[in-house]
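Participant: The lines below spell out each chain.
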Amino acid sequence: GEDVEQSLFLSVREGDSSVINCTYTDSSSTYLYWYKQEPGAGLQLLTYIFSNMDMKQDQRLTVLLNKKDKHLSLRIADTQTGDSAIYFCAETGAGKSTFGDGTTLTVKP
Amino acid sequence: EAGVVQSPRYKIIEKKQPVAFWCNPISGHNTLYWYRQNLGQGPELLIRYENEEAVDDSQLPKDRFSAERLKGVDSTLKIQPAELGDSAVYLCASSFASFPRSSYEQYFGPGTRLTVT
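Same order as they appear, the protein sequences are chains L and D. The first sequence begins at 1 in the working numbering and counts up one residue at a time. The second sequence begins at 110 in the working numbering and counts up one residue at a time.
It is worth saying that the hints were derived from the structure and are not from the lab. Being a predicted model, the structure only gives us computed values, none of them experimental. Ideal Cβ positions, reconstructed from N, Cα and C, are used throughout, including at glycine. Any given hint could turn out to be false.
Claimed, not checked - Taking CB as the label site, the calculated pair distances span:
1) D183(D) to L45(L): 30 to 36 Å
2) K171(D) to K68(L): 19 to 25 Å
3) F205(D) to N66(L): 26 to 32 Å
4) Q57(L) to S175(D): 41 to 47 Å
5) G137(D) to A41(L): 18 to 24 Å
6) L45(L) to R173(D): 35 to 41 Å
7) K67(L) to A163(D): 39 to 45 Å
8) F205(D) to D58(L): 32 to 38 Å
9) D16(L) to G137(D): 38 to 44 Å
10) A41(L) to A129(D): 19 to 25 Å
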């Protein structure tokens with residue numbers, strides 16, 4: 001079946017950029033997403049990209065998609081302590097979504 | 110605008126007991142999802158509804174799990190009987206799907222944390 005892989009942990013200093021990476025296997029994915037989950041909460045949609053796009057920028061967030069390599073990344077500029085959370089990559093094909101296991105981002109002051 | 114509402118937020122039960130979870134999606138959202146999230150993992154789809162119809166329930170353990178979405182609005186997910194391995198967070202999400210193409214942006218509720226002892 002479809003699979004989404006992410007590295008488990010990332011630690012950065014406040015003010016630095018964070019880059020979270022994700023790979024997926026489903027070549028029929030139409031949309032790819034980044035969600036954020038804080039302790040005790042559900043997932044919050046951060047941004048998404050359509051599969052025919054290479055890049056999408058939204059304020060401090062930049063999403064890059066390499067469809068050939070099935071690689072997605074999320075760059076957070078000027079990372080703040082409030083960005084500390086678990087970030088999930090997800091892909092959707094024909095309405096069905098598959099999520100990665102999340103990357104825990106720790107931002108050190 | 111209210112987000113996705115779930116209740117209860119926490120539930121502790123003994124194994125073999127029944128349990129039910131309730132979800133009220135965002136108004137106007139025609140698609141509703143139930144996910145199970147185990148500790149340290151991403152959400153796994155249990156069932157997806159488009160209006161009243163369950164269009165994907167392939168991952169729902171039908172021997173013990175059941176779900177319904179009467180009138181295409183709120184939904185309940187039931188487990189009977191519960192097993193120790195059912196301990197997890199149960200997430201409900203909703204989206205608005207338009208055809209022939211939709212971005213399927215999902216909005217999640219806070220989840221119900223189930224502990225089976």
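Participant: For which of the previously enumerated hints does the structure constitute a violation, in increasing order of number?
Facilitator: Those not satisfied are hints 1, 2, 6, 7, 8.
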